[in-house]
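Peer 1: The primary structure of each chain is shown beneath.
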Amino acid sequence: MSGFRIARGGLIDRSANLNFKFDGKSFTGHQGDTLASALIANGVHLMGRSFKYHRPRGVISAGASEPNALVELREGARREANTRATIVELYDGLTAQSQNRWPSLENDFLAINSLASSIFVAGFYYKTFMWPKSFWEKIYEPLIRKAAGLGTASKEADPDTYEKAYAHCDLLVIGSGPSGLMAARTAARSGARVILADEGSALGGSLLFENEEIDGTTGSTFAQAVISELASMPNVTLMPRTTIFGWFDGNIFGGLERVNDHVAVPPPFEPRQRYWRVHAKRAVLAAGAEERPLVFGGNDVPGVMLASAMRHYANRYGAAAGKSISVFTNNASAQRTAVDLQAHGINIAAVVDTRKNGKIINVKGGKSVKSVSLADGSHFECDAVAMSGGWSPIVNLMCHRGAKPIWNETIAAFTPPDMGSQFTAIGSASGKMLLSECLRGGIAAGTFKGKTPPTPKCRDEAFAIQPFWWVKESTGKAFIDYQNDATAKDLPLANREGYGHVELAKRYTTTGMATDQGKLGNVNAIAILAEAAGKSISEMGTTTFRPMYTPVSFGAFAGPFTGHHFQPVRKTPLHEWCVEQGAVFVETGLWMRSSWFPKAGEDWLTSASREVKATRANVGLCDVSTLGKIDIQGKDAGTFLDKIYCNTFSTLSIGKARYGLMLREDGVVFDDGTTSRLADDHYLMTTTTANAARVMSHIEFCHQALWPEMDVQYVSVTEQWAQMAIAGPKSRATLQKIVDSFTLNDETTPYLVAKDITILGGLTARLFRISFSGEHAYELAVPADHGNMVARAIMQAGQEFGIVPYGVEALSIMRIEKGHVAGGELNGTTTAGDLGLGKMMSTKKDFIGRMMATREGMVDAARQCVVGIKPVDKTMKIRSGGHLLNQNDKPSMANDQGYICSVAWSPMLNMWLGLALLSNGRARHGEVVKVFDGLRGHHYLGEICDPVHFDPKNERLHA
Amino acid sequence: MLRTSALQSVAIQGRFGADKGQPGLMLSVVHPLAIAMVIARKGKSKVLKDALATLKSVNVLWAGPDQYYVQSTVKSETALYIELKTKLANIASVTDQSHGRVTIRISGPKARAVLAKGTPIDLYTEEFPVGKSALTQMAHVGVHLTRTGNDEFTLSVFRGFSESFWEWLTSQSAEFGYQVG
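Those protein sequence lines, which keep their order, are chains V and P.
Letter 810 of the first sequence, counting from 1, is numbered 810 in the numbering used here, and no numbers are missing.
Just add 1000 to the spot in the second sequence (first one is 1) and you have the numbering used here.
Rather than coming from a laboratory, the hints here were simulated on the basis of the structure.
Note that beta-carbon positions come from the ideal geometry of N, C-alpha and C, so glycine has one too.
Honestly, I wouldn't trust all of these hints.
Dumping the calculated DSBU-like pairs for lysine-lysine here, alpha-carbon to alpha-carbon at most 30 Å [said to hold, decoys possible]:
1. P:K1087 to P:K1056
2. P:K1087 to V:K281
3. V:K164 to P:K1056
Non-contacting residues of chain P with respect to chain V, defined by C-beta distances greater than 10 Å in every case (computed) [unchecked claim]:
4. M1026
5. G1043
6. V1060
7. A1092
Estimated spans, in silico, between C-beta atoms of each pair [what the hints assert, rightly or not]:
8. P:G1064 to V:H564: 30 to 38 Å
9. P:G1014 to V:R401: 34 to 42 Å
10. P:T1073 to V:E75: 48 to 56 Å
11. P:S1009 to V:Q567: 48 to 56 Å
12. P:G1014 to V:H564: 35 to 43 Å
13. P:S1009 to V:K155: 32 to 40 Å
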């Protein structure tokens, strides 16, 4: 307990006290604190336990790269695991729990793992849990999963909402430090549309905590003035709390805005987070640089911290990491920490600089720093250690599209690749380590045209570094990757065991994995691996940088599209009428279709059976609005359809409908439907519900790519019309009551007529005499706004005849009774011949699929073709998916001859019956076959028959 | 015959969402509206453009290459269809879409902010001026978007999606407070 609140200074509001709880204990912080800064100020260094050894861990950084201080934030349904205490803004009432410890953070049982660390080396899992293989899934993996892992997810539904949004700009500035502010201001003053995004809660970047002097004022005052100016400009959008996490094709950036993560509960109607897609004409990366840890014994003891983080906490939050500090560095920048902390009255115990051959070998202390031992044998008492192993430009975004960063010897760091003018790096993100370079680079990047404005005056701190990667004399564990407990020794081991490639070493040692993705440790790891492999750092190179830069919650990706908003719901124009009639709906693609219309106490089968019987006995009304409808016009419309369909449409008479079959280019059946000719140059095509969009795309492709010379126009009219099937012996009598001034009979409305009529005293409608049920039937289309009204009128008209509404279940039963093929048979494997429709293929014209449909295999007599099937034992239920075998064959797929595609209970024939595909099936009507249902582990006998089970002579159709 | 809007039972008039003084936006259903899809016949792009320019009491909105929505709030759908069929004979194919699409007007200072939650199109005035239309997608639904004023747009979607789309649109408008008129 050595951290404390410095008496004065910092950008916190000391008058605003915020109470919060960590592991159940109450603390107080101030407005402007992060959880980490408030804990430090309260003397809490121990914030978590490590992944593998369960070592006590404290905060290392003051920002997004934090590997150690991961906590479960909030409680109940809002609990969020693995949040970084360094970026969690403190609010009143905040609660957080430490992770990966049991029973408590102070006394963690699995810390015993540390004693067995000699066996927990790199590749441990691969080496240990290999045999026996069967143990992996049942024993090893569950055990490992129980022992490992960090926070736990809440299993309750997230009560908050998430949004998605798009933004556009001339210049996207990523990072609001000195470089970013100058780029944004310069571009904004010239009138460009600018977005300035920063992951921090406040804009200003390093100017919020570094002691700088710009234009005669402090860095933070200068930053505030620039931010105020930007905020007043209409062409500027400031986006604090927004992490730009990925760079994608088209100069599109992904961003995560933490709109309300800094409050306990988002205000009403506001989302917790917003997922942004930013389209930028140009972008600049001004993300700054990340300080690296040094690799030495005990570099993970709570209280050992990045030097920049330590002054960040002191200068910005007034939180001192300790009373007496040792500084360990290989470069000039850590001197700032010594100077700044001293100015706050904190004792500097030692400054150990590798450039002067100083080395800290070990840090003594368990849950907090007690002292440091140096290579020269000296010891220093201290309660915190500030370390600096150099600076790594935050190159991630510029490498998201595959380019690799470039090693720079002078600053001992990887710098961004050149990605051209659409995306450039400036300031320390580009390896420019002086403040004046940052300001100048920002101004240059923000200059769209004309002369570059002057650069503000500032004081520069010289930067010099001498690479130093690993204190090999250390006896204690020297960590490379804190989050994965990978030590420096793991890397030479990986190299010795054949995993010396940087990508292999990552997987073998787990260095650079998990939530921080090696932001702090990777460069050290690469350097040590390179040395072990006898390569230069440049030759070793980096692992692959991929989005996301920092973790993005699934909630943000899902946005508002959760629950029943997961996909849009598509309702037919008759939906309201269906609801009135008590419909049970079924999702068919996006459509809600009425499935059956149960009366009290009816299950689906009873209801559907009653609907079938009533329709076949009297009349039924079915909503068929979901069928695709495409309006096709133009002087070449007929010729066009002749090519699309395998049968002919150019010869169809005006006012008539015809069943059409279209093939794919490979000769397999694509879709079917009824197409009518409304005028010489005007057709109306219908498609199946499932293929409506696909057929439209097919038509567009065929016209645009294959026959652009044709004069043909097409547009979907699916939604324009409410369409109803009126089927059954009383359908004509029912319709007669609503049509205007003409008599329905076989002269005025013969089978396959398609005509424009008016109904109910002047309402436009289209009447088709077509049938899917096998009954004397019609389809009536009316403009959609009138759909419900017309359906009600038809119900009223049909009341005296006993009209019923029927749904897709009844529709399906009737089509199976009639042997009409549908989805089960049009399944992407069947030819027209297989379906018994081979004669539809015209021999007088070319059409899509014609050539391929004549290949040997496509006309083989042994092909599986559509047959009817019924159980030999008429009381038996048959099911789809059962395979057909010769009667005496052993029940095995080796004897497979075909399968059942569609089944239904036939209320007309009082038995289950179906349609099947059977090898050479048309020659086998009457044969008894074995139906093998391997899934349910049984078999039974079935009889092959004609697919038309009911009314084989089609007498009802013309009745 | 009186038409029934697909959103009749959903788009209830009133003030909804956050209460931060003046509502951030207004939403209304443009109904009844006569709409015809007009597609140029082969080689008739220019002739069609000229012919469309002579029409009275209609709005002509771009709806794809050589395709337009012709809209009228004063003509019945049948009258519009017949007029276009006659005037554009052999110039264009005309299809009545009056009932197939639902048109929503969105206006107010936060209209653009709400639309930006759905469309990747840049609605900045210089990029998307008044009178311009675009085919886009919002909330997984195809939308025909037109700018009708500085802070005013119309959104037209397939009828079947209109209820789902309305739910999304209103939920995204709630943070600004909205008025349904």
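Peer 1: Quick one: which hint numbers does this structure break? Sort them smallest to largest.
Peer 2: The structure conflicts with hints 2, 3, 5, 7, 9, 11, 12, although it agrees with all the remaining ones.
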